[in-house]
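Residue numbers (my numbering), protein chains in the order written: chain A, 25 to 135; chain B, 10 to 123.
Treat the hints as calculated values from the structure; they're not laboratory data. Every value quoted in this text rests on a predicted model; they were computed, and no experiment measured them. Heads up, a few of these hints could be off.
What the hints assert, rightly or not - As a list, the in silico SDA-like pairs of lysine to any residue whose alpha-carbon atoms are at most 25 Å apart:
1) B:K74 with B:I21
2) A:K122 with B:T88
3) B:K16 with A:L123
Each chain, letter by letter, is given below.
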Amino acid sequence: DAKTTQPPSMDCAEGRAANLPCNHSTISGNEYVYWYRQIHSQGPQYIIHGLKNNETNEMASLIITEDRKSSTLILPHATLRDTAVYYCIVREGFGNEKLTFGTGTRLTIIP
Amino acid sequence: SAVISQKPSRDICQRGTSLTIQCQVDSQVTMMFWYRQQPGQSLTLIATANQGSEATYESGFVIDKFPISRPNLTFSTLTVSNMSPEDSSIYLCSVEGVRGTEAFFGQGTRLTVV
Chain A
25 DAKTTQPPSM
35 DCAEGRAANL
45 PCNHSTISGN
55 EYVYWYRQIH
65 SQGPQYIIHG
75 LKNNETNEMA
85 SLIITEDRKS
95 STLILPHATL
105 RDTAVYYCIV
115 REGFGNEKLT
125 FGTGTRLTII
135 P
Chain B
10 SAVISQKPSR
20 DICQRGTSLT
30 IQCQVDSQVT
40 MMFWYRQQPG
50 QSLTLIATAN
60 QGSEATYESG
70 FVIDKFPISR
80 PNLTFSTLTV
90 SNMSPEDSSI
100 YLCSVEGVRG
110 TEAFFGQGTR
120 LTVV
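Work out the full structure: start from the sequences and follow the hints.
In structure tokens form, the structure reads like this:
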């Protein structure tokens with residue numbers, strides 16, 4: 025079973041920041057938080073990952089709470105192309121580990 | 010990054026027949042993963058394929074139904090055998106990147122069984 029809980033759907037206005045929450049209250053010390061998204065009719069795409077520090081890359085920012093029981097993915101300036109299903113996944117370590125997908129959050133960007 | 014090519018991209022098949030899906034990667038990888046995505050659902054791992062050994066199947070998936078080949082470090086096939094309409098899904102292959110920090114997915118094979 026997936027170790028994460030996400031809201032099933034969210035809307036966000038184009039140009040605004042999209043904040044996607046994820047609960048992972050049973051995360052263990054060596055597990056990372058990963059975010060992927062799946063745009064309609066495509067394979068999932070990696071977005072970002074982190075262990076305990078906040079992370080930022082060209083696509084998004086990841087904010088992890090101090091107790092690591094929850095996190096938030098932030099898309100700073102959402103565009104229509106960000107409409108997708110976003111998956112929050114916890115997994116152990118690096119390399120050749122399978123991904124256990126939950127139900128994800130369907131994010132719709134509103135023009 | 011890793012570029013993954015899946016064939017076919019889609020197919021419509023008669024029940025009782027089998028379909029073999031190919032997955033080609035542009036670099037050598039240790040493990041390849043096969044996922045199924047049923048209509049409106051999330052992804053579920055079918056099996057992990059290592060080169061030179063038998064695939065490891067997840068609970069609910071068996072080799073007779075989903076035989077997998079892994080002849081080399083850049084290629085794998087998944088066969089969906091004796092298909093029924095319940096097998097209508099998107100099948101995706103995935104590999105881990107060189108850095109080991111992210112997975113890459115093919116575009117998927119959309120299978121419809123009639």
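Verification of the supplied hints:
With a C-alpha separation of about 18 Å, the suggested pairing of K74 of chain B with I21 of chain B holds against the 25 Å cut-off. The suggested pairing of K122 of chain A with T88 of chain B holds, with an alpha-carbon distance near 20 Å, which does not exceed 25 Å. Simply put, K16 of chain B and L123 of chain A have alpha-carbon atoms about 22 Å apart, close enough for the 25 Å limit, and the pair holds.
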